[in-house]
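Residue numbers (the working numbering), protein chains in the order written: chain W, 1 to 364; chain Y, 1001 to 1364; chain X, 2001 to 2364; chain D, 3001 to 3364.
If you are wondering where the hints come from, they were derived from the structure by calculation, not from laboratory data. The C-beta atom is built at its ideal place from N, Cα and C for all residues, glycine as well. Mixed in with the good hints there might be a few duds.
Ranges between beta-carbon positions, derived for each pair [unchecked claim]:
(1) D:D3213 to Y:T1212: 34 to 40 Å
(2) D:D3328 to Y:E1188: 56 to 62 Å
(3) X:D2355 to D:L3155: 39 to 45 Å
(4) D:V3008 to Y:V1179: 18 to 24 Å
(5) D:D3328 to W:N223: 57 to 63 Å
(6) D:V3008 to Y:G1193: 31 to 37 Å
(7) D:D3176 to Y:S1007: 15 to 21 Å
(8) W:Q60 to D:K3173: 56 to 62 Å
(9) D:L3155 to Y:A1359: 50 to 56 Å
(10) Y:A1359 to D:L3020: 42 to 48 Å
(11) Y:N1033 to X:P2248: 21 to 27 Å
(12) W:P25 to Y:E1145: 25 to 31 Å
Below, computed lysine to aspartate or glutamate pairings styled on EDC-like, alpha-carbon distance capped at 16 Å [as the list claims (entries may be wrong)]:
(13) W:K173 to X:D2019
(14) X:K2173 to W:E208
(15) D:K3151 to X:D2328
(16) D:K3246 to Y:D1003
(17) X:K2221 to X:E2208
(18) W:K173 to X:E2011
(19) D:K3043 to Y:D1037
(20) Y:K1200 to W:D253
(21) W:K330 to X:E2145
(22) W:K200 to Y:D1253
(23) X:K2026 to W:E145
(24) Y:K1026 to D:D3213
(25) Y:K1173 to D:D3019
(26) Y:K1026 to D:E3145
(27) X:K2026 to W:D19
(28) W:K246 to X:D2003
(29) D:K3026 to Y:E1145
(30) Y:K1246 to D:D3213
(31) D:K3269 to D:D3019
(32) Y:K1330 to D:E3145
(33) D:K3173 to Y:E1011
(34) W:K173 to W:E208
(35) D:K3026 to Y:D1213
(36) W:K43 to X:D2037
(37) X:K2173 to W:D19
(38) W:K151 to Y:D1328
(39) X:K2200 to D:D3253
(40) Y:K1151 to W:D328
Number of protein chains: 4
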Amino acid sequence: MADHAPSVAMEAVLKPSCDLPEDMPKIRGYDFNQGVDLQAVLKSYITTGFQASSLGLAIQEINLMIEKRLEPVEEDEGKEWKESDEQRKSGCTIFLGYTSNLISSGVRESIRYLVEHKMVDVIVSTAGGIEEDLIKCLAHTYLGEFSLSGKELRLRGINRIGNLLVPNDNYCKFEDWVVPILDQMLLEQNTEGTRWTPSKMIHRLGKEINNTDSVYYWAYKNNIPVFSPALTDGSLGDMLYFHSFKNPGLVLDIVEDIRRINSQAVFAKRTGMIILGGGLIKHHICNANLMRNGADHAVFVNTGQEFDGSDSGARPDEAISWGKIKTDAKPVKVYADASLVFPLIVAQTFALHADKLTAGKKTD
Amino acid sequence: MADHAPSVAMEAVLKPSCDLPEDMPKIRGYDFNQGVDLQAVLKSYITTGFQASSLGLAIQEINLMIEKRLEPVEEDEGKEWKESDEQRKSGCTIFLGYTSNLISSGVRESIRYLVEHKMVDVIVSTAGGIEEDLIKCLAHTYLGEFSLSGKELRLRGINRIGNLLVPNDNYCKFEDWVVPILDQMLLEQNTEGTRWTPSKMIHRLGKEINNTDSVYYWAYKNNIPVFSPALTDGSLGDMLYFHSFKNPGLVLDIVEDIRRINSQAVFAKRTGMIILGGGLIKHHICNANLMRNGADHAVFVNTGQEFDGSDSGARPDEAISWGKIKTDAKPVKVYADASLVFPLIVAQTFALHADKLTAGKKTD
Amino acid sequence: MADHAPSVAMEAVLKPSCDLPEDMPKIRGYDFNQGVDLQAVLKSYITTGFQASSLGLAIQEINLMIEKRLEPVEEDEGKEWKESDEQRKSGCTIFLGYTSNLISSGVRESIRYLVEHKMVDVIVSTAGGIEEDLIKCLAHTYLGEFSLSGKELRLRGINRIGNLLVPNDNYCKFEDWVVPILDQMLLEQNTEGTRWTPSKMIHRLGKEINNTDSVYYWAYKNNIPVFSPALTDGSLGDMLYFHSFKNPGLVLDIVEDIRRINSQAVFAKRTGMIILGGGLIKHHICNANLMRNGADHAVFVNTGQEFDGSDSGARPDEAISWGKIKTDAKPVKVYADASLVFPLIVAQTFALHADKLTAGKKTD
Amino acid sequence: MADHAPSVAMEAVLKPSCDLPEDMPKIRGYDFNQGVDLQAVLKSYITTGFQASSLGLAIQEINLMIEKRLEPVEEDEGKEWKESDEQRKSGCTIFLGYTSNLISSGVRESIRYLVEHKMVDVIVSTAGGIEEDLIKCLAHTYLGEFSLSGKELRLRGINRIGNLLVPNDNYCKFEDWVVPILDQMLLEQNTEGTRWTPSKMIHRLGKEINNTDSVYYWAYKNNIPVFSPALTDGSLGDMLYFHSFKNPGLVLDIVEDIRRINSQAVFAKRTGMIILGGGLIKHHICNANLMRNGADHAVFVNTGQEFDGSDSGARPDEAISWGKIKTDAKPVKVYADASLVFPLIVAQTFALHADKLTAGKKTD
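If we strip away everything but chain W, and leave its shape as in the complex, we get (with noise of 0.2 Å):
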């Protein structure tokens, strides 16, 4: 038998390294032996590896957002193109996308925060995502489990949402609450000629809602745009559905919201988009970034998967290749649940710059 292992066994494990760049940073976690700090349990996250790292570089991200975003725009900035004074003058556009689940949950609360306080200027949201809001000032989301089994719920009258529960009676509330809006809506239309779109309507929920629970009533009050596309996909779309027999004729038009998203995106000085979740939402604001040829900042926070060639899985870099997120641009995406990173995020980032993000405006 040899005495000396083989040669080449020793050198593919031997090898020897060049040297890495001495700025690169060490990794390290947080040592509990200096008490519980949990803003320097989350400080070591960029060096504690893996989706820790990712959620550490989203928070530097959307801080330089932030910081962009306080910045002074001239007055001349982004004139020629003005199609309206809708374009806020801010040094960064912040486009927020979230998926109906985060509103069923209480992400909802973090988002509320945003909203309320003017920190974010577009929302893209699915039709869930806009009236699970409002029926939440209606009747409440109970915590349920996952393994709860369908028929028995059914037959209860009880719908679930992942571990989330809610009772169908809400939906029964919603409808006696929106119709009359709908009556209203169609009659305006037959009246003042308003042509409604999306965006129109969910301004006006918000502003019948009335609660300041709400996202949708804050970003009436504060004028923030909502997009939702596809807006009938959901028991608005029932509503509708339903009043196209008793009351028929409204129109809802998505041609002019495709107008007005994009003009957010081309006459923004800079642009973040911070997209919670896949589908719809993820791809409509990218696709109006692409309008501007690419956000300047983008993080990103889902479970998807690139391995399907889905959009709502692709890494940021697929992005990049169309021109929706700058070349030069350093997007993250964190791969989580975001009921796990985002209330952490928010703490970090908006609620720990509320002061300055705040002063100087009023939501009257």
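Got chain W; can you put chains Y, X and D on it based on the hints?
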């Protein structure tokens, strides 16, 4: 030291079991000593376990949809509520949904086959799921790699979709093709009072593309409605945006379409849902089937997971709680990239029964 | 056209619901208008839904383990079966398992804290989970990116672990350090009749590293057994392989260790399992707990899914079917990369109760 | 209002593209108008995109392994380092690894076929991957459902593995079968000086089971080494644990096996790795191939993702950075449950070339 093992351990490990039912399927995979018989390999999947079994069950469930579809429908059935002649006299109305990426991929050819031969009744896709089919009639999509650099691709004008590459010239060609159609649509709106909806626009685009490779050409020929409520969320939206400057005024109404898709579900004798991917398309088909208190059959193919509470990743059992699938249905979810399994599913279902399914049908 | 919506649709959509129990938690997230209070943010997670709730439940469950752990144990309890003095007089024996990558990451510091302060009783990790801790005492691991080119890295002698980078020189230093220890171990085997097992070897390596940054130094100091049945599957295996040429004959027996770990479970008053990641470490801890007919408490943190039938991705309920978790336990699975949540978990559990947990303990 | 679209938007959307190479494959799926030809369907996968393309590439890569395997090997090649006669005279040494659940599933039959016909050279599996094969020779595994209640199953003594069910009596039968073999092994250790290792024990169990349904019977017959360093981590461990009370002293050494598996890699002319699943088995095969400075060919099939930094989910490119796969190799990862794709892979590779692969081989 003890000379016998702890009794708690012995009892826990060697706990006797109750008998399982006699007819419970035994796990057994394909024996390649019988030669390479791919039909037999796929037949063995149902007793192979894990997602192989799910694929086997999905094939069974779709074959059940097909069997029911072929059952004769009484003249009077569904008459009362019939809104128009649109509802097909089919024993089982099949809703097919798929995300944009599948049209970009070669799954498009499987979908086109189903539509060409009137094997499905209602289609839901996203904007990309419409336009990429049309664009493929104008220029090719290529096989690349997931890891190609976004920046380098953007500099060369090449867009990446997972491991697919789409030259940006394809979208330029699409603009050349679609803008005159938009002009014409606006003219018809203004002169003939046409009220455009996404489904009507897709029908028109299918007519105009006039190419037998196209899914929507065949949807047009076979009068299969295609719904895409957020039709502005993609290249079509870009074109509508540009068009809104040159030739403003085109309106796309989504309310009429929600009534139209819901009617497809309400007035059907039975329904089956085949949904590839998540997001809007999954929710939209399921929501329409809530209008009939649940689909009778459902097959989902996607890579989503339930843990983040997304509708995309929800198990079919969640849809049962909402009344979107009947409480006594046997829905199947296959956890897989649809590109891997959908061609095999078509091979073992629709294509296998092509003779029966196309008997007496004429595509004029 | 009908003037009222189909009754089937109305009834399905507006189905009345039964009442939910009064004490069912309502979904409500943190309100940042109350300021940035991270403790309060984390407290709000249990009513935030989805994985935020799972994290909240995991924290509760671990705090219950700690509470039980602190309960006094009668002198006689577990006496009959007691194999040795090894079994700690603890009200709840806590098994901690983690995969190699977590030691490479900054989660190592959280783990070291638990071991340093004798907060856990039994550890299971993979070979990498042992050696990377030791290697980190010799040289640094760095933060890189997931997308760095493997070929370029290899040419430079830099190894990638996700977004971490480990210079190959680290392994050369490890060889220099470990080979004399292997020589000594072989000498002791041959002269003193030592029968080495993975757990004994890890104990020895922990002694030799003599570094307070090391998890296994503290495991040695605190006499916490560490199991790693496949200890040859990594750099240690490479070194044992090389050593087998130079100085052959070292034996590592895995049978003695299986008895040792099983005894830890069998003779415990109660047990709790905290398992970060999947594969061997998850199965090994669960299997040991089968020996007592199930753990009393269990928290899993991983990104695996059940659909492929892997033990890694199995929900805790699968382990109940095997008797690895008690049928009346309330196990929790958090679907997340452990780097994101484990430091937060430690902050809200062990570190929060550090005073009580370390009272009367001495690490001499 | 402006009468032309913003130029930034026009230029970003209509950016011209560079030409792609002429020979770049065009995306095109199977056309079912050509009939149901499953061979042709699978052939079309390479140009279908996403994981269908990955499956196509995996089939190509394994066929390349087979082609190289069939190349004649010079007498002298590898002579110098040859440790024993074990190293097969094969142009490409194929390492096959798989997790326990695949043996529980019907993928076992595909694996057994490969081993029966000496189509692979080295096997690595987990403890469950060994014992479940033997147990299946004693009693059946059944098809159940993922959602069955763990508590109810435990009360009935039925164990769940994903959607498979294994009556606990199967393990009682296994005990009856294996304990006398353990007695005999201990006797041989004590009387003949046999130094048992996991691979030697598996060889013996394969001999004893003496059943042509068994993977390890054929591994025994064909002298294919099977490595499972943590062989105590499962039912075999339970039995060894019980046995250690009744009849103590059996030793299983893992050091000898690490040398044996590494030799398989070092002395091979070329190597190919086919790894189904993650965890120990993936790392163990890759680590052995580091000893030759990288495998020449690699196909991974699993559902893991890279974002958590686990070795299980790492892309093959990570293994290149470590020298576990050669820098000029073309490794393929298929993101799928192996039950869905491995039988198809075998059908298009080993089984298709069975004649050539088995020519001149004799299984006596």
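Hints that the structure is at odds with (numbers, increasing)
1, 11, 14, 27, 30 and 31
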